[in-house]
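S.K.: The task is simple: from the sequences and hints, build the whole structure.
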Amino acid sequence: MTAPRRQLLLIALVAVTLLVLVASIRYGAIDFSIAEISRALASLLPGRPEPTLDQRIFLELRFPRAILCLLVGASLGVGGTLMQALFRNPIVEPGLVGTSSGAAFGSALFFVLGGVFHIGASLWSLPIAACAGGIISTYLVFLLARSREDGRASIVMLLLTGLAVNALFMSAIGFLSYIARDPQARSITFWSLGTLSGANWKSVEIVALTTILGSIVALRYAKQLNALMIGEEEATYLGVNVNRLKWIILSVNVVIVAVATAFTGVISFVGLVVPHILRMLGGADNRFLIVGSALTGATLLTLADLIARLSVRPAELPIGIVTSAVGVPVFIFLLRRRQYVF
Amino acid sequence: MLVGSNITFRVGSKELISDISASFAPGGLHLLVGPNGAGKSTLVKVLARLLRPQTGTVEYEGVDVSQTSEAELAKRRAVLSQAIEIAFPLTVREVVMMGRYPHFSGRPGPTDEQIVDEVMEHFDVTEFKDRYYQSLSGGERQRVNFARVLAQLWSHSAVDSCRYLFLDEPLTFLDIRHQIDFMKRIRSFTKDADVVTVGVVHDLNLAARFADQILMLNGGRIVAHGTPAEVLTTERITHVFGVEPTMVQTTDAGIHLIFN
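Residue numbers (our numbering), protein chains in the order written: chain A, 30 to 371; chain B, 37 to 296.
If you are wondering where the hints come from, they were derived from the structure by calculation, not from laboratory data. The C-beta atom is built at its ideal place from N, Cα and C for all residues, glycine as well. Heads up, a few of these hints could be off.
Claimed, not checked - Think about it this way: if two alpha-carbon atoms lie no more than 25 Å apart in a straight line, the pair counts; the simulated SDA-like pairs of lysine to any residue are: (1) A/K275 <-> B/E106; (2) B/K111 <-> B/N72; (3) B/K165 <-> A/Q36; (4) A/K275 <-> B/G63; (5) B/K165 <-> A/M309; (6) A/K275 <-> B/S102; (7) A/K275 <-> B/F140; (8) A/K275 <-> B/P125; (9) A/K275 <-> B/K165; (10) B/K111 <-> A/Y250; (11) B/K111 <-> A/M309; (12) A/K275 <-> B/S141; (13) B/K165 <-> A/R35; (14) B/K165 <-> A/A251; (15) B/K165 <-> A/R34; (16) B/K111 <-> A/G260.
What the hints assert, rightly or not - Calculated Cβ distances over 12 Å to all of chain A for the following chain B residues: (17) D55; (18) G63; (19) E106; (20) Q215; (21) K220; (22) R221; (23) S224; (24) R257; (25) A260.
M.R.: Here it is in structure tokens:
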């Protein structure tokens, strides 16, 4: 796979992402025509009359939701790529090693405690709580999965421990939602299956910041992640400080995934499927994978959100139902094809 | 010049190598031999600074390597290991290009591209440069890795600076034709006056045939260090390896060992 072909591929991905974005803002519980969309956007310009109710629905609900969906999809895609690069294994993703459920637990706890202790919530309290939860659960998984002999985490141990820690945190969330008074925290469906229905411009701002900064940092380490593909010792011989690299990449991953999870709940399998699609299209160079998985993650999650909104409209499905329905068969296919020895 | 002084490396309370001091001059091929558990691989990893010894120092041209950053070291030190597995679809050219990673930041420059093409030609891997590494045979893979390692050391970084090549049992899993082919290539690269090469090879006959200097280890200590003829004596091999060899003088003034 040559560099020019990869560039063409990325340009094509940008085009597809934009196309899907347009579809996403047009269709939903109510449809907006392109003309209505342009009138709504134009109403933001100074000196225009106040937007109508329909225009406000578009500007305050539909549009931020579509943008948040792009950002969360990008976060999950990049998170999957980073995890797979770090563990040199194409079968891990943030949802499988506990990061997402821990982040969801952190957010749920924040809602409940905020209600009980009347904590003055600032804009950043929720994302920080989510990150704390994500860090704790991810660390727990690695600590428990590490072998006693050589300190390395085998992939089987990692997946099994991830399963257990996920179950633990999801049950903790279940308990919290049972005792919670806050209506959002009470929705167990929200945390376990994810939804973008709570999107607003504030959440867009926060998720945009972490996603974009995180991706830029990740991109800076793409070359080192490439070297890691041939092994930790070999990467060291190529001048990579492997321990430092692991810490940076794990931190970036936890932050982008946890912040996305704080606003949308746990959305599984996007991070697993996206890097695979890209490797099939354009090889394993991490510079290409990081940019590509941001675009592909955004596209896929937007498509999933469209399906979630259109299939039972005017109601909607939790988006996690859609992503799992697609992701689980892919996961099983990969597991079987690679023939891991248990 | 590579100098190791009083190196001891422990894992837990077990000493893998004990108080080893040795120097290795450029322009020659230095091979470590010894039975399993003698500490050969550990010593190579300490000299290449993958492992940091509890006591003792390793110096490249008088500079203690524990003070050098990974990135600086990688510009003049490379290691050829055994059978590398890659779980992702990387092309041969991408793998070889990794050897240039220490030499550029961001994207490879024209010099890097040129060097990669040269080493691929040199190792006869140009014909499968666009194939995936995973699809190659063991011998082909090791040729690709050798090309990658030499791409790392291809250019002289500074006039008065040596380049260091370490071999961590690179011949394991290779057939005899590949083993001899590899030793010939390693030897020809080692001939450069500024290249220090230290490696581990299991086959005593390969060591006898290709090494300029042999360092024999047993139980983490040096037993002998010198030319193959000096080190590989019947009594010493019997003592260290527990098998008695018959020495045969070959026509090209080398020695050959036959084990009964």
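S.K.: Determine for every hint whether it applies to the structure shown.
M.R.: Hints, one by one, checked against the model:
Proposed proximity of A/K275 and B/E106 is supported: the alpha carbons are some 15 Å apart, at most 25 Å. Distance hint between B/K111 and B/N72 is unfulfilled; the C-alpha atoms sit about 31 Å from each other, more than 25 Å. About 20 Å separates the Cα atoms of B/K165 and A/Q36, which keeps this hinted pair within 25 Å; it holds. A hinted pair counts as satisfied when its Cα atoms are at most 25 Å apart, and A/K275 with B/G63 does not qualify at roughly 38 Å.
Between B/K165 and A/M309 the CA atoms are separated by roughly 18 Å; this keeps the pair inside 25 Å, and the hint holds. For the suggested pair A/K275 and B/S102, the alpha carbons sit about 21 Å apart, so the restraint of at most 25 Å is met. Between A/K275 and B/F140, the direct Cα distance comes to roughly 21 Å. Compliance with the 25 Å bound is thereby established for this hinted pair. Note on A/K275 and B/P125: the hinted pairing holds, with a Cα-Cα distance of about 22 Å set against a maximum of 25 Å.
A C-alpha spacing of about 30 Å is found between A/K275 and B/K165, which places the hinted pair above 25 Å, so the restraint is violated. Our distance criterion of 25 Å between C-alpha atoms is met by B/K111 and A/Y250, whose separation comes to about 18 Å. Taking the CA atoms of B/K111 and A/M309, the gap is near 33 Å; set against the 25 Å cutoff, the hint is violated. For the suggested pair A/K275 and B/S141, the alpha carbons sit about 19 Å apart, so the restraint of at most 25 Å is met.
Pair hint B/K165 plus A/R35 holds up; C-alpha atoms about 17 Å apart against a cutoff of 25 Å. As the CA atoms of B/K165 and A/A251 are separated by approximately 22 Å, the hinted pair is consistent with the 25 Å bound. Restraint check: the Cα-Cα separation between B/K165 and A/R34 comes to about 16 Å, which is no more than 25 Å; the hinted pair holds. Restraint check for B/K111 and A/G260: satisfied, since their Cα atoms lie roughly 18 Å apart, inside the 25 Å limit.
Taking the minimum C-beta to C-beta distance to chain A, about 25 Å, the non-interface status of B/D55 holds against the 12 Å cut. No Cβ of chain A approaches the Cβ of B/G63 within 12 Å, the least distance being about 22 Å, so the stated non-interface status holds. Under the 12 Å C-beta cut-off, the non-interface status given to B/E106 relative to chain A is violated; the minimum distance is some 5 Å. Listed as outside the interface, B/Q215 is consistent with that label: its C-beta sits roughly 21 Å from the nearest C-beta of chain A, beyond the 12 Å cut-off.
Residue-level check passed: B/K220 sits 23 Å from the nearest beta carbon of chain A, beyond 12 Å. For B/R221, the non-interface assignment is confirmed: its Cβ lies about 19 Å from the closest Cβ of chain A, beyond the 12 Å cut-off. The beta carbon of B/S224 sits about 22 Å from the closest Cβ of chain A, which is more than 12 Å, so the claim that it is off the interface holds. At roughly 25 Å from the closest C-beta of chain A, the C-beta of B/R257 stays outside 12 Å, upholding its exclusion from the interface.
The non-interface label for B/A260 is consistent with chain A: the shortest C-beta to C-beta separation is roughly 29 Å, beyond 12 Å.
This entry does not satisfy hints 2, 4, 9, 11 and 19, going by the numbered hints stated previously.
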